[in-house]
Amino acid sequence: MDEETTSVSKGVFIFNNNTIKRSSHGKKRKKQTTETTKDDNGIFASNLWYQQYANLKTILEENITELNDNMFSSVLSQLVEFVGNCHNTTVEEIPTAALLTGINMPDHGAQFSSLINQIKQTETPHVVCLQSQDCTHIKNMMENMISKFINYDSPLEDEDEDDHRNIKKNQLNLPVLQCWYNNLYVEKSSSSPIKQQTKNSQKVLVVIIPDFESFSTIVLQKFILIISSYIEVLPFVFIFGVATSLNTLHTSLSYQIMSKINIRVFKSQPSIVYLDKVLENAFFDTNFPFHLGGKVFNLFVDLFLFYDLSVNNFITNIKYAMAEHFCSGNTMSLCTLSISEAREMIEMFSHNDFENARHLLSFRKLVEDQTYENRIKLLTDDDYLKEVLMQHLKKIQKYLRRFHLFLKLLHVLVNDLPKAPLGKKIRELYAIAVSKDITKSDEYRQCFQLLGFLSKTELLPKISTIINILSPRVKRFENNKIADFLNKLKQDLKDLNDFNMNELQDAVEEIECEELVDETMDSRKQFKEKLLGLTKQKATRQLNKYEQLRKDVLDLLTNAFEEYLVEPKSFYFHEIFFFDDVSIQNNIVGSHRSAIHNALNDPQYYLQCSCCEIYTSSTILRTMPDICVAYKLHLECGKMINLYDWLQAFLSIIDHSDCDDESRRYVKPELQARFTQAVAELEYLGFIKNSKRKADHVARLTWGG
Amino acid sequence: MATDPVVLSLKQSLPCRDSQIDQLYNLLPGKDDISIPSVYICGAASTGKSAVVTSMLHKLEIKHAIVNLVECYTSKILFENILNKFSDHTFDPTNPLPYAKCDNLMDFISHLKGINGLDKSVLVLDKAEELRHMDANLLPAFLRITELTNLNITVILISDIVFEKYYNKSTDVEPLKVYFPQYNKDELLEILTLDFDYVKSEAAIDFDVDFYKNYLSLFLSVFYRACRDLCELRYMSRVNFTKYLQPVVQKQCSVSDSMVLWRNIAPVLKNSLEVLYLRVDVTSDQMNNAAHSLELPYYAKYLLVAAYLASYNSTKDDKKIFVRNTGKKSKSVREIKAKSKVSEQLNTQLGPKPFTFDRLLAIFYAILEEKVGFNNNLLVQVSSLVELRLLVLSTVGDGTSLDGQKYKCNVSFDFIHSTAKTIGFNIKKYLSDFRHL
Chain S
1 MDEETTSVSK
11 GVFIFNNNTI
21 KRSSHGKKRK
31 KQTTETTKDD
41 NGIFASNLWY
51 QQYANLKTIL
61 EENITELNDN
71 MFSSVLSQLV
81 EFVGNCHNTT
91 VEEIPTAALL
101 TGINMPDHGA
111 QFSSLINQIK
121 QTETPHVVCL
131 QSQDCTHIKN
141 MMENMISKFI
151 NYDSPLEDED
161 EDDHRNIKKN
171 QLNLPVLQCW
181 YNNLYVEKSS
191 SSPIKQQTKN
201 SQKVLVVIIP
211 DFESFSTIVL
221 QKFILIISSY
231 IEVLPFVFIF
241 GVATSLNTLH
251 TSLSYQIMSK
261 INIRVFKSQP
271 SIVYLDKVLE
281 NAFFDTNFPF
291 HLGGKVFNLF
301 VDLFLFYDLS
311 VNNFITNIKY
321 AMAEHFCSGN
331 TMSLCTLSIS
341 EAREMIEMFS
351 HNDFENARHL
361 LSFRKLVEDQ
371 TYENRIKLLT
381 DDDYLKEVLM
391 QHLKKIQKYL
401 RRFHLFLKLL
411 HVLVNDLPKA
421 PLGKKIRELY
431 AIAVSKDITK
441 SDEYRQCFQL
451 LGFLSKTELL
461 PKISTIINIL
471 SPRVKRFENN
481 KIADFLNKLK
491 QDLKDLNDFN
501 MNELQDAVEE
511 IECEELVDET
521 MDSRKQFKEK
531 LLGLTKQKAT
541 RQLNKYEQLR
551 KDVLDLLTNA
561 FEEYLVEPKS
571 FYFHEIFFFD
581 DVSIQNNIVG
591 SHRSAIHNAL
601 NDPQYYLQCS
611 CCEIYTSSTI
621 LRTMPDICVA
631 YKLHLECGKM
641 INLYDWLQAF
651 LSIIDHSDCD
661 DESRRYVKPE
671 LQARFTQAVA
681 ELEYLGFIKN
691 SKRKADHVAR
701 LTWGG
Chain G
1 MATDPVVLSL
11 KQSLPCRDSQ
21 IDQLYNLLPG
31 KDDISIPSVY
41 ICGAASTGKS
51 AVVTSMLHKL
61 EIKHAIVNLV
71 ECYTSKILFE
81 NILNKFSDHT
91 FDPTNPLPYA
101 KCDNLMDFIS
111 HLKGINGLDK
121 SVLVLDKAEE
131 LRHMDANLLP
141 AFLRITELTN
151 LNITVILISD
161 IVFEKYYNKS
171 TDVEPLKVYF
181 PQYNKDELLE
191 ILTLDFDYVK
201 SEAAIDFDVD
211 FYKNYLSLFL
221 SVFYRACRDL
231 CELRYMSRVN
241 FTKYLQPVVQ
251 KQCSVSDSMV
261 LWRNIAPVLK
271 NSLEVLYLRV
281 DVTSDQMNNA
291 AHSLELPYYA
301 KYLLVAAYLA
311 SYNSTKDDKK
321 IFVRNTGKKS
331 KSVREIKAKS
341 KVSEQLNTQL
351 GPKPFTFDRL
361 LAIFYAILEE
371 KVGFNNNLLV
381 QVSSLVELRL
391 LVLSTVGDGT
401 SLDGQKYKCN
411 VSFDFIHSTA
421 KTIGFNIKKY
431 LSDFRHL
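Sequence lines, in order, name chains S and G. The first sequence begins at 1 in full-length UniProt numbering and counts up by one. The second sequence begins at 1 in full-length UniProt numbering and counts up by one.
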């Protein structure tokens with residue numbers, strides 16, 4: 001690469017990556033990527049934490065791609081079916097699928113590429129995806145589309161590839177495409193009718209426009225008109241990805257155009273549902289050891305809800321957090337849910353790695369809780385620490401498994417309560433549960449109060465879903481507390497089921513009526529008091545049978561929750577599994593204004609040099625870069641800046657030597673050049689601009705720091 | 001008048017166009033006489049212009065080339081297309097070269113002369129209104145093609161608009177004009193009845209032509225006033241006919257029960273009249289509220305609201321609206337009256353005004369209650385709103401001035417009203433049009 005870019009003059013060099021020719025060079029690319037990943041490994045590969053990190057990252061990515069495929073499968077299969085069927089009958093309009101995608105185009109990249117793959121596999125090899133940047137003019141659009149159709153390498157004619165490429169772009173027009181299509185299907189089937197008729201029944205031509213909004217409407221209108229005049233000979237199908245709503249189609253296409261296409265609407269899921277699915281299936285997975293702490297998790301969710309609704313960004317954020325988490329040291333390699341794996345890892349630990357573990361915050365707590373001898377042992381004896389670590393790891397691993405399980409159970413119980421004090425989504429529960437003891441929170445108490453009022457019909461399905469979730473888990477670790485818990489629950493469910501509500505109600509009503517009728521009322525006030533008394537009595541009165549049963553079940557559940565849903569911080573070494581460093585906010589949420597201000601105002605922050613150290617932000621040192629000096633001086637000015645004054649102030653800082661007025665008239669050309677350059681740089685950054693109002697002045701464009 | 005059997009069969013397959021068919025038949029090159037240089041056919045969309053011309057040319061077996069001008073986005077494609085068709089040129093699939101490379105009119109004329117057997121042939125230019133956007137010399141040249149090539153070629157121009165719209169300095173030849181009027185109700189009924197075979201093949205039950213005609217007259221009684229476009233009417237009638245048949249299919253009534261069927265279909269027809277030309281299923285509900293179907297991030301919604309406010313409030317009102325005043329002024333009736341304007345003068349009726357980015361941000365921070373950092377994610381929202389065409393750039397600048405960018409808000413009041421509702425924001429309070437109410 002270096003050889004290619006050496007040049008006398010400065011310039012921009014273009015390196016063609018292979019993205020355009022992906023289909024043809026698929027094999028080569030795969031090789032390249034595997035090589036590069038190997039190279040990447042080179043830097044950190046020897047570190048234990050990196051191995052664990054890479055391992056988890058691949059698991060996460062696999063989970064997500066699998067999930068993606070499943071998520072879109074219903075919409076995809078509908079779409080693919082649509083593509084397959086739309087030309088079965090004769091059509092006068094172009095069959096068009098409008099896929100309402102939601103606003104995040106980057107997120108849909110995966111969706112569209114899997115759509116293309118599926119259509120290619122099942123329906124037709126002729127799929128073209130047009131990007132708006134390639135289609136600024138109708139000419140480009142047509143040529144692009146046709147060249148993509150014609151240059152598609154069908155498996156049969158790999159060798160002819162080069163011949164096709166020879167066609168010049170300006171030769172490509174629809175008659176050419178028609179000829180190519182006829183050559184592929186019509187003529188072949190007529191020349192060897194028996195052999196290929198079934199196989200080569202005419203395949204449709206699919207045109208995908210993933211971002212409808214960014215296409216110019218004029219170009220699109222024309223495009224549709226042109227294609228519609230060919231619809232009888234070339235079976236086209238359109239798929240539009242519409243980000244906003246169907247109205248966009250109507251506002252951007254006139255009636256004349258609309259009558260040429262036959263739209264069917266497909267809806268993909270809103271991104272918030274997508275996020276929930278990703279979280280539940282890939283991240284709250286009991287097999288995924290890395291966890292986000294409450295603060296970071298909330299930060300990510302807020303970013304999602306308030307700023308971008310982009311699941312891709314969310315996942316990238318998690319990956320970043322993972323990288324940050326693991327690179328803090330080899331101790332993090334213990335972040336695994338299998339005990340044997342952890343054992344293997346810890347056997348490979350060096351003294352430094354144990355030191356690394358000793359730096360964990362919760363280690364200090366552990367030491368403080370121990371007796372004096374143990375303290376010394378912990379601090380000095382690596383082998384002892386190893387055993388202690390293993391012990392605690394086991395605890396946490398067990399805890400984590402149950403944590404997720406019981407979080408799900410709690411979710412089943414509370415998600416549809418009125419006002420949902422703990423939230424409707426499992427992610428909301430997670431955010432609370434990892435940041436504090438959820439069972440001690442007010443919301444939790446409220447929830448259980450509400451649960452205490454549930455009727456039998458509401459309670460029963462909840463209990464049975466809980467049992468359904470639990471039962472498959474129990475087989476794995478049998479004969480323990482959870483199994484007991486499950487059995488008890490089953491028993492309760494049975495009792496509840498057997499219980500007949502009608503009997504109970506009759507009994508209750510009888511009592512109440514008797515009591516009310518019994519007494520003779522003198523006044524309204526008395527009656528009121530009576531009723532009040534009755535209600536109080538009710539509260540203290542023995543619970544009836546159903547209430548008793550309900551209370552038992554809830555007590556059983558709440559006891560379990562209190563045991564398993566404890567705060568992760570209560571465990572020693574929880575840092576290995578939970579990442580809760582909010583300072584990564586600065587890295588994730590970019591804020592360029594303050595970064596630039598910081599860099600110019602306090603260059604030492606980035607340069608890390610000893611010469612530019614300042615104590616108050618207004619100090620200006622001559623050792624600072626010129627642009628910093630100019631910037632700091634301009635902060636002191638008003639809306640208009642006199643260039644001469646600015647230059648003098650600049651000189652007085654840069655050049656201490658001669659301060660008397662006489663010499664000021666003469667400015668060293670070198671210094672003037674430096675000043676001019678600094679001013680030009682500031683203008684480039686957008687802090688000042690030339691002003692036509694006043695001679696020798698520039699206008700300031702920003703205010704404050 | 002000669003009654004050619006071809007004309008008779010044409011009149012049968014294309015009903016209600018008898019006079020036009022006769023007219024055209026007389027204009028087309030016959031066996032012996034000199035052909036007419038140019039014919040201009042005009043008439044509204046879907047009145048059978050192209051259908052009559054193409055089928056007539058086919059049946060009379062006249063050598064012809066039909067080119068749709070929409071697909072000729074360059075004149076090169078137009079020339080090469082005509083030449084290919086006149087010369088019966090077939091492409092070699094591995095190396096698809098045209099009959100001849102032809103970049104300009106001169107080449108075209110000379111190539112045309114080179115093709116044999118073009119005497120008494122016809123060149124049809126469909127969608128001729130596109131000629132107005134193409135090279136200025138094309139229309140005069142096509143009108144005088146006989147003079148230029150010394151060949152007996154008739155040029156037929158087919159278009160939706162009258163020929164007067166083509167006039168410019170160089171138009172001095174007037175073609176002969178044939179007008180295709182729109183179908184009236186009876187004609188529409190007759191033509192739509194031709195759809196019977198298709199409909200019957202689609203339908204699950206058996207019925208006769210009279211039943212279908214009954215339906216069509218019902219259908220036309222609702223739709224005829226709103227739309228005369230045959231294609232649209234046919235589409236609508238097909239869509240609605242399945243619904244018309246539904247009670248019969250479900251065995252709720254018999255085919256002869258026309259009153260029940262009418263009562264059943266009347267509301268359906270009325271509903272589908274509302275989505276005429278939109279080509280959507282009436283049952284789909286996302287039509288009703290675009291704002292609810294569109295999901296935007298929280299701050300993006302605020303940005304959009306801020307953009308709307310910036311677009312529909314004048315700058316001088318900003319201070320009054322967004323600076324929180326301490327003392328509440330009570331409004332007198334006179335004041336309200338003085339401020340209320342006729343609806344034509346309302347800002348919200350006048351369309352969006354451009355605003356600068358700074359103003360957008362200032363309003364955004366004024367209406368947002370919590371403090372939010374000014375970061376890149378926020379800025380990206382603005383550009384993604386532009387990409388979604390909810391905001392539009394109003395100045396098409398050269399891209400050199402980053403700060404001079406001006407935007408306009410591109411959404412309707414109803415849209416922004418329901419968007420504002422989802423974030424619990426009363427937009428009327430901040431619009432100068434509604435504030436005084």
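Worth double-checking, as some hints may not be accurate.
From chain G, some residues computed to sit far from chain S (all C-beta separations above 10 Å) [claimed, not checked]: (1) Asn68; (2) Asp88; (3) Ala100; (4) Leu131; (5) Arg132; (6) Lys169; (7) Pro175; (8) Lys185; (9) Tyr235; (10) Arg279; (11) Glu295; (12) Lys320; (13) Gln381; (14) Gly424.
Simulated crosslink set (SDA-like; lysine to any residue; CA at most 20 Å straight-line) [as the list claims (entries may be wrong)]: (15) G/Lys76 - G/Ile115; (16) S/Lys169 - G/Thr74; (17) G/Lys429 - G/Thr315; (18) G/Lys76 - S/Leu361; (19) S/Lys168 - G/His133; (20) S/Lys689 - S/Asn642; (21) G/Lys101 - S/Asn642; (22) S/Lys377 - S/Leu400; (23) G/Lys169 - G/Ile115; (24) S/Lys139 - G/Thr315.
Worth flagging that the hints you see were computed from the coordinates, not collected in a lab. Since the model is a prediction, treat every value here as computed from it, not as a measurement. All C-beta atoms in this analysis are idealised placements derived from N, C-alpha and C, irrespective of residue type, glycine included.
How the hints compare with the structure:
no.	hint	result
1	Asn68	5 Å, violated
2	Asp88	13 Å, holds
3	Ala100	13 Å, holds
4	Leu131	15 Å, holds
5	Arg132	15 Å, holds
6	Lys169	27 Å, holds
7	Pro175	23 Å, holds
8	Lys185	21 Å, holds
9	Tyr235	8 Å, violated
10	Arg279	5 Å, violated
11	Glu295	5 Å, violated
12	Lys320	23 Å, holds
13	Gln381	7 Å, violated
14	Gly424	15 Å, holds
15	G/Lys76 - G/Ile115	18 Å, holds
16	S/Lys169 - G/Thr74	14 Å, holds
17	G/Lys429 - G/Thr315	16 Å, holds
18	G/Lys76 - S/Leu361	76 Å, violated
19	S/Lys168 - G/His133	26 Å, violated
20	S/Lys689 - S/Asn642	12 Å, holds
21	G/Lys101 - S/Asn642	64 Å, violated
22	S/Lys377 - S/Leu400	28 Å, violated
23	G/Lys169 - G/Ile115	32 Å, violated
24	S/Lys139 - G/Thr315	43 Å, violated
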